[in-house]
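Enquirer: Next come the chains, spelled out residue by residue.
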Amino acid sequence: MSLEVALPIVIPLLTGALCVLFWRSNIMQRILSVVGSTALLAVSIWLLASVYDQGHVVMHMGNWMAPFGITLVADMLSAIMILLTGMMALAIAIYSLASASTTHEKFGYYPLMHLLLAGVAGSFLTGDIFNLYVWFEVMLIASFALLVLGGERAQMEGAVKYVTLNLLSSAIFLSAVGLLYGVVGTLNMADIAVKLGEVENTGLVDVIAAMFLVAFGIKAAAFPLFFWLPASYHTGPVAVSALFAGLLTKVGVYALFRVFTLIFNNAPEFTHELLLWIAAGTMLTGVLGAAAQFEFRRILSFHIVSQIGYMLLGLALYTPLALIGGVFYIMHHIIVKTNLFLISGIAHRLLGTYDLKKLGGLYKSRPVLSLLFLIPALSLAGIPPLSGFFAKFIVIRAGIEAEAWVVTGIALLVGLLTLYSMIKIWAEAFWKKLPDSTDGASLERGRTSGSLMLMYAPVVALAACTLLIGLNGQPIYDMAEFSARQLMDPSQYINAVLGGRP
Amino acid sequence: MEPILAIAVGLLYAAAIYMMLRRSIVKLVIGLMLLSNAANLLIFTSAGVTRGAPPLIAEGASLPDGIVADPLPQALILTAIVIAFGVLAFAVVLIHRAYAILHTDNLDQMKDTDT
Chain B
1 MSLEVALPIV IPLLTGALCV LFWRSNIMQR ILSVVGSTAL LAVSIWLLAS VYDQGHVVMH
61 MGNWMAPFGI TLVADMLSAI MILLTGMMAL AIAIYSLASA STTHEKFGYY PLMHLLLAGV
121 AGSFLTGDIF NLYVWFEVML IASFALLVLG GERAQMEGAV KYVTLNLLSS AIFLSAVGLL
181 YGVVGTLNMA DIAVKLGEVE NTGLVDVIAA MFLVAFGIKA AAFPLFFWLP ASYHTGPVAV
241 SALFAGLLTK VGVYALFRVF TLIFNNAPEF THELLLWIAA GTMLTGVLGA AAQFEFRRIL
301 SFHIVSQIGY MLLGLALYTP LALIGGVFYI MHHIIVKTNL FLISGIAHRL LGTYDLKKLG
361 GLYKSRPVLS LLFLIPALSL AGIPPLSGFF AKFIVIRAGI EAEAWVVTGI ALLVGLLTLY
421 SMIKIWAEAF WKKLPDSTDG ASLERGRTSG SLMLMYAPVV ALAACTLLIG LNGQPIYDMA
481 EFSARQLMDP SQYINAVLGG RP
Chain W
1 MEPILAIAVG LLYAAAIYMM LRRSIVKLVI GLMLLSNAAN LLIFTSAGVT RGAPPLIAEG
61 ASLPDGIVAD PLPQALILTA IVIAFGVLAF AVVLIHRAYA ILHTDNLDQM KDTDT
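So the protein lines, in turn, are chains B and W.
Numbering-wise (my numbering), the first sequence opens with residue 1 and increments by one.
Numbering-wise (my numbering), the second sequence opens with residue 1 and increments by one.
Hints in this document: simulated from the structure, not taken from any laboratory.
Incorrect hints may appear among the rest.
Unchecked claim - Taking lysine-lysine pairs in the BS3-like style, the calculated list, with each CA pair at most 30 Å apart, reads:
#1 K364/B to K432/B
#2 K424/B to K358/B
#3 K433/B to K364/B
#4 K358/B to K432/B
#5 K111/W to K357/B
#6 K424/B to K27/W
#7 K111/W to K358/B
#8 K433/B to K358/B
#9 K106/B to K195/B
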């Protein structure tokens, strides 16, 4: 029994259920939420430790051996993702104590948040393709409800697009699973990988691969399927935006990494070439979209899209170094992007707007906040010695080694444009004088209130993580390298899952 | 049997996409319903249709006798139907609320959050 593989799913589910039990008591829900997230983080560290020891941690649910039962598998990539989930869960849980309004809390904010975390953790850990679909849906339904909490005009508009495109993606995913089952007659991912090697009708396999690419591409907000993301992410409550920005699209990226290293690795000249151009398009359109925006959270939303491109580039190049870069990029990106959204929430709390034209004067009155913004912002743009520099460095170096000149050039250019966007936010929100039309009363009050401290705490912690990855990157690099080695050699995964077959 | 089912699947997908491309959000949700049904029928068809052979194992035996229908796709479809039901119930409530707040069912007039 490897309990640590199941616990990251069980703990948020249990926390969510207990929160429902205390429906009328906001205080109990807050306590449970923080305790549950802390437990999730603790278990994720445990999981990471045992993955370090054993390579793959496998658990067959109900003792039905693979490929007949549902298997939970954690390799290094899953363990890293679960660790990041735990970190983000705790950061958001603490931040929510101050940022979530009482009406949101009354309508099930905490239960939904933990249900979402359970769905995310389930997607990272499952070793069964249909089970992956089920976890996606668990995650989606929770995210739908979280996105419309509050029921404002913009939220409704955003939600219609978000719901439609995600359901479309689910339907394509389900169809692809159906066709795949028709070809190989199994749902266990390791077993699919074995049987797919023996299939003669490779044309059909390519079609199925393309369907998976489209389905996960929509979830990951890859070019040209990303339009739902900038239309919806900036509409929800800010803690929800931060959680979505950090984790949800990365589930799509994780699914792409898993499926295109384990299952569809036979025809990289077709699938990975396609991915390469998708990555280039994603980087470029995302960053150009951001350049045209003048709203704090919209700029950040477009940057999620452009950063997804770097991760996909790591996968598309499909060399050991590129995969290290991809995994490293995911780690860096989740922390940085969540942090930037949290900071936009603090700016909103202080000045009551996300519009860059109305923001201003933050540097003069809140120098610490400005410094805290600069760390993730410059890291996102790839300025040394922050985490983003090393992430970009590895990916771009892999691109040069693979002699993919055009895409590497685009990646470098996008880094420069990212810097432009971040400097735009810096100049408008922090450096510029506060416009006369904006009410700066809460800014003038020098003392920081207790609830604002709760919003600062996760921001400081995440900024420290960014600095730590930048200044002491070796352990993180080792983790990414460990993970890339496993991804490049799917036979380890297959043996770990099917080795227990009687 | 399979060719008929295959044509039905194709028609369902076509109808679903046609409905989703309309401007009305009600038709959008109808399109989503058709889409999920199309996917379910596709699973059913692509896994192979076997007539009149329930997957029952005779008493005392450990394997079924001869070729039997595969029960797994049906379990998958059942799961998918339940999930689609829940998600679509949400979608119906969402369009109702969206109509109440936005006073329109026309997707072309929901462009405020676009870029």
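Enquirer: Now tell me, hint by hint, if it's right for this structure.
Expert: Right, here's what the structure says about each hint:
1. At most 30 Å may separate the alpha-carbon atoms for a hinted pair to count; K364/B and K432/B meet this at roughly 9 Å.
2. Restraint check for K424/B and K358/B: the C-alpha separation of about 14 Å stays at or below 30 Å, so the hint holds.
3. With a CA separation close to 8 Å, the supplied pair K433/B and K364/B stays within the 30 Å bound.
4. Distance check on the hinted pair: K358/B and K432/B sit about 10 Å apart at the alpha-carbon level, within 30 Å; holds.
5. Between K111/W and K357/B the alpha-carbon distance is near 21 Å, which keeps this suggested pair within the 30 Å criterion.
6. A threshold of 30 Å between alpha carbons decides the hint, and for K424/B with K27/W the separation of about 41 Å lies outside it, so the pair is violated.
7. For a cut-off of 30 Å, the pair hint linking K111/W to K358/B stands: about 23 Å separates their Cα positions.
8. Only pairs whose Cα atoms come within 30 Å are accepted, and K433/B paired with K358/B is accepted, the gap being roughly 10 Å.
9. As the CA atoms of K106/B and K195/B are separated by approximately 50 Å, the hinted pair breaks the 30 Å bound.
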